[in-house]
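Student: Top to bottom, those sequences are chains A and B.
Heads up: the first sequence begins at 15 in our numbering, then just goes up one per residue.
Heads up: the second sequence begins at 5 in our numbering, then just goes up one per residue.
No lab work stands behind these hints: they were computed from the structure.
Quick reminder that beta carbons are idealized off the backbone N, C-alpha and C, glycines included.
Please note that a few of the clues may not be correct.
To be verified - Which residues of chain A face chain B? A few of them, derived with a C-beta cut under 10 angstroms, are:
#1 SER174
#2 LYS258
#3 LEU284
What the hints assert, rightly or not - Just a sample of chain B residues kept apart from chain A, beta carbon distances all over 10 angstroms, derived:
#4 ASN7
#5 GLU24
#6 GLU34
#7 SER76
#8 LYS84
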Amino acid sequence: MSETTRLTDLLEHSARQFPDKVAVSVPGGGSVTYGELSTLTNRLRDRLWQLGVRHGDRVGFRLHKSIDSVVSLFGIMKAGAAYVPVDAESPAARAAFIMNDCAVKAVITEQDQTQALVQELAALGAAPHVLEIEPSEPDLPIRRLLDALDGTSPAPVVSSPGIQPDDIAYILYTSGSTGQPKGVVLSHRNAASFIDWCSDSFAPEASDTFSSHAPFHFDLSILDIYVSIKHGARLVLIGEALGKDPARLAPAIAAEGITIWYSTPSILSLLADYGKLERQDCSALRIVFFAGEVFPIPRFRTLRKFWPHPRFVNLYGPTETNVCTYYEVPVDNSWETMETFPIGYMCVPNEGKVVDEAGQTVPTGEPGELVVAGPNVMQGYWNLPEQNGRAFLVDQDGRKWYRTGDIVAEEGGQRYRYLSRRDRMVKRRGYRVELGEVEVGLLKHPDVREAAVVSVADPQAGVRIAAFVSCSGERRLTIIELKTYSARSLPPYMIPDTFVVLEALPRTSTDKVDFQALKARA
Amino acid sequence: MENTRDVVRRFILENFLPGEDPKNLTDDTELKESGILDSLSTLKLVTFLEEQFKVQLEASDLDAGNLSSVASIANLVAAKSGGR
Numbered sequence: 015m016s017e018t019t020r021l022t023d024l025l026e027h028s029a030r031q032f033p034d035k036v037a038v039s040v041p042g043g044g045s046v047t048y049g050e051l052s053t054l055t056n057r058l059r060d061r062l063w064q065l066g067v068r069h070g071d072r073v074g075f076r077l078h079k080s081i082d083s084v085v086s087l088f089g090i091m092k093a094g095a096a097y098v099p100v101d102a103e104s105p106a107a108r109a110a111f112i113m114n115d116c117a118v119k120a121v122i123t124e125q126d127q128t129q130a131l132v133q134e135l136a137a138l139g140a141a142p143h144v145l146e147i148e149p150s151e152p153d154l155p156i157r158r159l160l161d162a163l164d165g166t167s168p169a170p171v172v173s174s175p176g177i178q179p180d181d182i183a184y185i186l187y188t189s190g191s192t193g194q195p196k197g198v199v200l201s202h203r204n205a206a207s208f209i210d211w212c213s214d215s216f217a218p219e220a221s222d223t224f225s226s227h228a229p230f231h232f233d234l235s236i237l238d239i240y241v242s243i244k245h246g247a248r249l250v251l252i253g254e255a256l257g258k259d260p261a262r263l264a265p266a267i268a269a270e271g272i273t274i275w276y277s278t279p280s281i282l283s284l285l286a287d288y289g290k291l292e293r294q295d296c297s298a299l300r301i302v303f304f305a306g307e308v309f310p311i312p313r314f315r316t317l318r319k320f321w322p323h324p325r326f327v328n329l330y331g332p333t334e335t336n337v338c339t340y341y342e343v344p345v346d347n348s349w350e351t352m353e354t355f356p357i358g359y360m361c362v363p364n365e366g367k368v369v370d371e372a373g374q375t376v377p378t379g380e381p382g383e384l385v386v387a388g389p390n391v392m393q394g395y396w397n398l399p400e401q402n403g404r405a406f407l408v409d410q411d412g413r414k415w416y417r418t419g420d421i422v423a424e425e426g427g428q429r430y431r432y433l434s435r436r437d438r439m440v441k442r443r444g445y446r447v448e449l450g451e452v453e454v455g456l457l458k459h460p461d462v463r464e465a466a467v468v469s470v471a472d473p474q475a476g477v478r479i480a481a482f483v484s485c486s487g488e489r490r491l492t493i494i495e496l497k498t499y500s501a502r503s504l505p506p507y508m509i510p511d512t513f514v515v516l517e518a519l520p521r522t523s524t525d526k527v528d529f530q531a532l533k534a535r536a
Numbered sequence: 005m006e007n008t009r010d011v012v013r014r015f016i017l018e019n020f021l022p023g024e025d026p027k028n029l030t031d032d033t034e035l036k037e038s039g040i041l042d043s044l045s046t047l048k049l050v051t052f053l054e055e056q057f058k059v060q061l062e063a064s065d066l067d068a069g070n071l072s073s074v075a076s077i078a079n080l081v082a083a084k085s086g087g088r
């Protein structure tokens, strides 16, 4: 297949080539062929058109990992709209904020979650069309929904609009330091460039079986879904519960015969520690990709003992650049003496350079911020002109370089090593967490007067988040109350690991919160 | 001698609620919805229960509210080690 320009073409190409081959399956659940997937996504496109969705609109979905969610994203794109996937496990208020922020025309949701979402949207003055799926129904609930809707008001068959490569394909929301998530806008071209790079670098085949472990609001999902579909392979959807349960996940990897795995190092560590991997035959695995956070070498060593055979590849890149560097772990034991894996080499044709605070390139080997330019780099954040101004470094030729905020050093041979962050963002279980967003979340509690959050390196977990609060009322909040409040108001990966309740937060001489003092106590 | 509830309580306090006043974690404090037991802490707790009480816990044991409070965890341990 030649160069990809539109994500929807990937599905149509495979549907013509492999109409009867299984495209997507669920362990212990259903499956759908390429032909069926093409037909269903056309039907969803028609239904969205009938609801008024047009080329250039946005459509949100808040679904658990399912074949329906794959149908949704392709159906939305076929309608010429951008899909906005929202975590089904995060609070409804956060989902509503996101959908209102980018003004979705329609929302696809699950029946038991609809009411809370619609209420939260109404509180923001938004009332998009709602397509409601009943996920407990067997087979493909979205097909039943489309059948039922066609029964009362048939949708006209429309053709997909002429999608251009620079049209928005999807918007992924990530943690924002102001306390609200921000939308990373990615075009068909942005994703296609990365997908074609994967094809060229790793030569996937129709006989491959890809894992889909990351949720669809997480950018790791882009490789899973589109590289698998492009090559006519089978995509195995790993739901939220199975994905967190190593005792069931390891047998599923073996039974499904997964050949290409992709997840965060956290999940691979869990598998190595709790998956009883010595009992599972995972010999079909040929490539294991990991990304999203640093893989501590001792944790990797444990995994490698069980899985000596596959290629291991470290992928690096903020959501804004998709993946922009890669490093394949050498098959000899030279990695044993490394402190951490390098993030590696730029994915062509993207380019990187290491710059100082003034934007000047630093000498090779000196630490500086990694900036990236090329087809993988996002267009910008949704509706945040100020942040868009800060996000890019514009060089004298007018070229835009995305500022990753990651401090790296070039090791020679254009190989990069990650050193630290420039700001207050940490990676936890692969997710970006702006510590400021956690603080804003805690400060919404009526009895919290002050809140400060610090991160601490942890040999097991990678990073721990420690929260310090002081209370406004007479009574001190208990740690259980703070934890319960966090569980209800923050996504799971943002919940602090520890809480300390203080009379007042320590301050520096300039009356700022003394983060150094807090770090010493964390 | 410490009873099962106290052993479980102490483990949860030390590992998942460091700094919490022990009297705030009662036998009936909700552990799941409160976020005290998330997926990772559940794995750690199960490993601890299996080693400490010499019981074998199956996936089905971990559903249906068996880990929803200190009291229910103690009941589960008692049921699994019953007859000995």
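Student: If you check each hint against the structure, which ones fail?
Tutor: 1, 5, 6
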